[in-house]
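There are 2 protein chains.
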Amino acid sequence: LSGHVRKGISLGQSWFVVSLVGVCIGLNAAIISIVTAWLSDIKMGYCSDGWWLNQQFCCWEVEGDEVDGCESWKPWTTVSLGRWIIFIGFASALAFVASHLVRSLARYAAGSGISEIKCILAGFIMQGFLGFATFFIKSITLPLVIASGLSVGKEGPSVHVACCIGALIARLFEKFSRSQGHLPCLYKANSALSSSPTGKTREIVTAASAAGVAVAFGSPIGGVLFSIEEMSHTFSIKTMWRSFFCALMATFTLSAMNPFRTGKLVLFQVTYERDWHFFEVIFFVILGIFGGLYGAFVVKFNLQVAAFRRKHLVNHGVTEAVMLATLTAVIGYYNRFLRLDMTAMMAILFRECEGGGNVHNLCLSSSQWSISFSLLLATIIRIGLVIITYGCKVPCGIFVPSMAIGATFGRMVGIMVKALQQNYEKSGMFMSCVPDVPCITPGTYAFLGAAAALSGVMRITVSVVVIMFELTGALTYILPTMIVLLVTKAVGDFLGTTGIADALIRFNGFPFLEKEDHAYNVAVSRVMRTDLLILPDRGMTVKDLEDLLTSTAVKGFPIVSTDGSRKFKGFIDRTEIKYVLERVRNTRDIPQSTTCIFTTQDYDTDSVEMEPASFDADEDLQEGLFSSTLSDDGVNFSPWVNRIPMTVAPQLPLEIVMQLFKRMGPRVIIVEDHGVFAGLVTVKDVLKFIATEKLDHGPSWDERGGL
Amino acid sequence: LSGHVRKGISLGQSWFVVSLVGVCIGLNAAIISIVTAWLSDIKMGYCSDGWWLNQQFCCWEVEGDEVDGCESWKPWTTVSLGRWIIFIGFASALAFVASHLVRSLARYAAGSGISEIKCILAGFIMQGFLGFATFFIKSITLPLVIASGLSVGKEGPSVHVACCIGALIARLFEKFSRSQGHLPCLYKANSALSSSPTGKTREIVTAASAAGVAVAFGSPIGGVLFSIEEMSHTFSIKTMWRSFFCALMATFTLSAMNPFRTGKLVLFQVTYERDWHFFEVIFFVILGIFGGLYGAFVVKFNLQVAAFRRKHLVNHGVTEAVMLATLTAVIGYYNRFLRLDMTAMMAILFRECEGGGNVHNLCLSSSQWSISFSLLLATIIRIGLVIITYGCKVPCGIFVPSMAIGATFGRMVGIMVKALQQNYEKSGMFMSCVPDVPCITPGTYAFLGAAAALSGVMRITVSVVVIMFELTGALTYILPTMIVLLVTKAVGDFLGTTGIADALIRFNGFPFLEKEDHAYNVAVSRVMRTDLLILPDRGMTVKDLEDLLTSTAVKGFPIVSTDGSRKFKGFIDRTEIKYVLERVRNTRDIPQSTTCIFTTQDYDTDSVEMEPASFDADEDLQEGLFSSTLSDDGVNFSPWVNRIPMTVAPQLPLEIVMQLFKRMGPRVIIVEDHGVFAGLVTVKDVLKFIATEKLDHGPSWDERGGL
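Residue numbers (our numbering), protein chains in the order written: chain L, 59 to 765; chain X, 59 to 765.
Please keep in mind that the hints were generated in silico from the structure rather than gathered at the bench. Take these hints with a grain of salt, some might be off.
Said to hold, decoys possible - In silico lysine-lysine, DSS-like type, Cα no more than 27 Å apart, as pairs:
(1) X:613 to X:746
(2) X:296 to L:625
(3) L:720 to X:369
(4) L:720 to X:742
Quick caveat: nothing in here was measured; it's all calculated off a predicted structure.
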């Protein structure tokens with residue numbers, strides 16, 4: 059019975075933890091949104107009704123287009139030059155504070171964090187990356203950075219912040235933290251379903267990443283898909299469901315907080331009245347190609363900037379950020395599309411011309427050339443700014459800047475197509491347009507351009523479709539969106555672009571196997587490490603063992619039989635050895651000459667069949683094990699030896715070993731030749747091999763998933 | 059160079075095959091839609107302007123509500139009783155033709171096919187299930203069945219038809235069929251990335267299933283998610299992308315064909331003007347509970363009906379179908395919500411009351427009680443009909459009937475909530491409603507009820523959200539939809555319901571490992587088979603081998619060393635042995651006493667490292683291998699022996715073995731104890747063990763993914 063109660067509690071705890079994570083993410087996102095909106099407006103002026111109001115709330119009662127305020131909203135000065143200087147001054151100051159906080163308190167708060175989280179979810183350990191300092195500093199610097207006007211988005215960092223919340227809360231709860239403890243291997247083998255000791259925490263972090271995207275875009279299902287397509291390493295229905303639940307809780311909380319007082323989750327609600335025409339597909343293809351090229355271009359040059367930064371700017375993070383903010387403000391102030399907040403700008407660009415969409419003369423035929431030029435300029439300048447800014451030492455995401463670039467370019471194409479159609483109304487191509495009725499909606503081109511650029515730089519497709527239409531509600535444009543993304547993907551594949559997150563993983567040399575499978579035509583025996591420190595199953599003294607531990611930093615040791623046949627007996631982690639030695643020392647004094655026993659016959663084949671109750675592996679049980687640990691023969695490590703790690707034959711092709719790593723998630727794979735220990739392989743070995751051998755090529759078009 | 063050209067061609071072929079599959083699925087769906095619409099209307103009358111026009115096209119020019127036609131549309135008779143009889147007569151006749159065709163020409167065309175396809179995608183082989191006869195008969199009987207008015211949907215069968223198209227086209231192309239050929243194992247190991255010989259075809263079938271859902275609902279992204287959440291066994295980004303592309307092609311084709319002349323993909327476009335209120339969440343919870351109960355109820359009783367059918371009605375498929383159709387027509391004729399086509403009915407129920415939504419007096423407060431009663435009756439009767447109808451020997455799906463049931467129930471709840479709000483306008487609960495303005499939208503309750511029922515019976519969540527909002531475009535209701543599905547899932551988990559597809563898989567005893575992982579606390583050594591026919595690596599004569607093959611139907615043989623140590627040497631398939639023997643016989647006469655050699659030293663560790671070019675494994679190369687097959691020593695089978703199948707240790711817990719089956723997809727796993735052959739395990743062994751041991755319980759709430 060007690061087992062049932064325990065199970066019930068543990069289950070309730072799971073629900074509770076995920077809910078709590080979701081709610082916290084929602085709250086945090088709401089606060090960040092409110093602060094960001096206020097800080098963004100403070101650059102231009104202040105509210106005379108109350109300093110804490112941003113322009114929108116200050117002018118709440120006043121109807122009108124959103125370009126320039128109301129009476130209560132006072133600009134800092136009426137002198138144009140003065141405004142410009144104050145604008146720049148605020149931008150630099152905000153960037154300074156943000157980068158200084160990051161530099162002095164939490165260096166991991168810099169960047170978007172998506173690459174690192176991908177690695178963490180794949181099993182890589184980065185102490186502190188999901189810690190409290192990172193969470194706190196990233197949360198408070200994010201509004202500063204966005205308000206500073208730097209060409210960076212808050213979506214990537216939001217995901218990182220969300221993952222921090224997930225990891226922090228998960229760690230608070232015993233259930234999740236216990237799974238990281240030093241359980242004897244027998245229990246681990248039994249509870250190995252989540253395929254790694256930190257499996258539970260990882261699942262929570264995956265769910266949190268979904269919630270992060272969900273609140274950043276107001277797109278709960280898009281978040282779930284993003285966590286599947288981009289973040290999670292292995293896919294399971296359970297993780298998907300957890301992500302769904304977490305995203306729901308977060309979005310619901312955000313929606314209840316209602317930070318924008320619009321009652322909408324949708325960031326840029328548009329309802330396109332007109333359907334699309336088949337002839338437009340050729341223009342959609344242009345947008346798709348732009349997306350692909352943009353992605354390739356940005357990834358390539360951003361990596362070069364990153365290399366430059368690593369070489370020359372390591373200790374100048376603050377200066378760099380301030381310079382960039384100043385530069386952005388100086389350049390951006392005089393282009394109407396650059397000066398505006400990127401989200402606000404997209405909302406304007408996505409609009410239909412009918413019904414108040416003619417902001418900034420976007421819809422006037424007479425100004426079509428000047429507007430197009432202005433949009434083109436905004437596109438080009440923004441691309442340059444994104445390339446130099448993304449990756450600097452403040453929290454920065456690339457989602458929204460990419461979408462903004464796509465939107466300006468798309469709107470430009472849209473305006474040009476509209477002009478074309480109006481001038482050649484009679485031509486065969488535009489036959490399907492009804493005369494004297496608007497036919498082309500430039501706003502949809504902006505929308506599709508945004509989707510293309512986002513997909514081009516991240517190399518994700520399905521999530522982008524869902525995010526885009528959760529963002530806007532433009533359901534009739536789902537087929538065009540898919541067509542555009544198809545072209546974007548084809549172009550990206552053709553150019554061999556990797557997504558920016560994966561490119562940065564490679565650049566930083568994190569141990570991460572890409573999701574796609576490649577064929578290397580190499581057996582695992584060529585990759586495995588054979589120069590290993592091996593423990594004999596019997597005969598080693600405690601002193602030998604301790605000397606070994608001090609002389610090396612190796613994380614785990616294979617155990618082989620002492621009879622010279624090198625029969626493989628098991629694997630033990632360094633931490634487990636240290637833990638057992640320490641516990642034993644606490645119990646009683648042991649002489650240095652005590653022998654260490656790594657295998658006994660007691661734990662035989664059937665010993666894994668235990669009562670479910672014993673799973674819980676609580677302290678009592680561990681005590682029991684410890685009392686049997688010290689026999690007259692010596693220190694018995696065998697309960698902590700993993701006798702059934704994943705083993706493969708030396709002839710197995712490398713790609714299957716890589717699949718095993720990816721799909722089953724072991725930390726090491728033992729190579730065993732008919733029972734004889736041959737070597738050991740880890741993800742790092744595989745990556746080192748791939749990097750050093752420079753195996754003929756990168757993955758081919760086909761292999762990268764180009765159908 | 060030739061390798062590159064070949065690769066290019068093969069790549070082009072992949073694209074081409076997937077496109078072709080998508081286009082064919084779209085065409086087929088368009089034809090089925092048109093025929094179904096015409097056949098459904100023919101029960102009531104005919105078009106005097108042309109017999110080939112259905113009511114909609116016949117009355118195309120005439121405006122008005124869609125309940126009762128126009129002048130050109132003539133009912134068969136003006137006598138009410140006569141109409142009733144003709145209606146029933148048509149229904150029975152259509153059901154008779156459909157069931158007779160299925161019975162005599164393609165028995166696999168019966169049912170929805172989703173369960174079977176899930177098994178096929180997991181590696182189970184069902185000859186003919188995706189064959190031409192199945193495709194053709196299912197395509198032509200589907201409109202008949204839908205038109206007969208049986209409480210079945212066309213979505214499940216559409217997926218089956220789509221998968222048939224995928225499999226047929228894939229088989230047409232050498233590339234896909236070749237992967238099923240008798241390649242020497244060396245090549246297989248190298249090209250094992252798709253983890254099974256029929257991997258390519260399976261990927262195409264997965265993509266086709268996405269396209270099937272996409273065209274059935276006009277929901278391309280919903281289709282992709284359905285293929286991930288429900289159909290595919292292992293998830294990969296590549297498969298996701300292929301599904302995306304295939305669904306896009308299919309939907310685009312369907313959209314270009316425009317079978318309904320509405321220019322919309324969206325089946326029931328609704329734009330809910332009013333947002334939802336937080337107090338409505340409690341009513342949403344009721345809908346969610348309904349969904350969960352409905353699912354549990356239908357799955358339970360439908361299985362009992364299936365058992366009854368198997369026992370008593372095996373040879374009365376045609377009679378059964380005709381009886382059911384007659385019964386449905388007799389009962390349904392007098393309830394306005396049962397008589398209508400289910401899709402048309404849902405379109406009406408989803409509507410807002412404003413702007414012509416008051417069809418059948420659905421919105422009149424004065425008739426709210428009679429309408430509610432009518433809806434309740436429709437709900438109850440339809441549930442009964444679905445339980446007895448789903449699974450009868452005609453093509454039948456359960457998606458749309460479930461949604462229809464949910465919609466009638468939901469609308470009823472909605473009407474009641476509206477009445478409640480109007481009577482207690484002043485109560486605290488309805489505070490957030492603006493006075494004298496409509497507050498509750500009963501149509502949204504119908505929408506949410508449909509989502510709940512669909513999710514309850516299929517046990518899918520994320521796909522349902524996306525399908526529902528691709529169906530309607532009701533983006534503002536995404537949070538309520540998620541809340542409802544959350545409750546539905548919780549109720550379903552609490553009641554221990556499995557999705558109907560999985561329940562039928564179990565009922566039919568197909569070898570299928572469920573996606574969720576359970577802990578069994580058993581080592582693989584207890585599950586493995588040890589009473590095996592084992593081949594010695596040397597010393598067997600051709601006669602021995604042939605005798606063995608005739609005496610047993612076993613599909614594959616482990617090979618062990620002859621020296622008595624039972625060292626494991628490899629595994630060979632029955633088909634490979636037969637193939638080699640046959641080929642060798644064709645080359646020259648071999649005496650019965652020739653020895654068979656299964657292992658040589660030639661193919662050693664490094665032999666897997668071959669030039670990529672040799673992958674293509676074309677005929678020349680095979681010839682070369684064959685010439686070396688017959689040496690003086692005997693027949694050399696070694697190139698066909700898989701020396702590196704997946705092996706595990708006997709102590710490995712069963713659940714990890716199950717994960718290996720699911721994630722890596724091998725057909726057999728060898729159990730090897732330090733190099734010594736111990737046994738062999740297949741999915742069937744695992745399932746047999748689970749079934750016979752009746753391991754304590756079904757999966758627990760937690761294990762089933764209840765967070």
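Evaluation of the provided hints:
1. A C-alpha spacing of about 18 Å is found between residue 613 of chain X and residue 746 of chain X, which places the hinted pair at or below 27 Å, so the restraint holds.
2. With a CA separation close to 40 Å, the supplied pair residue 296 of chain X and residue 625 of chain L exceeds the 27 Å bound.
3. A hinted pair counts as satisfied when its Cα atoms are at most 27 Å apart, and residue 720 of chain L with residue 369 of chain X does not qualify at roughly 46 Å.
4. For the hint pairing residue 720 of chain L with residue 742 of chain X, the CA-to-CA distance comes to about 26 Å; that is within 27 Å, so the pair holds.
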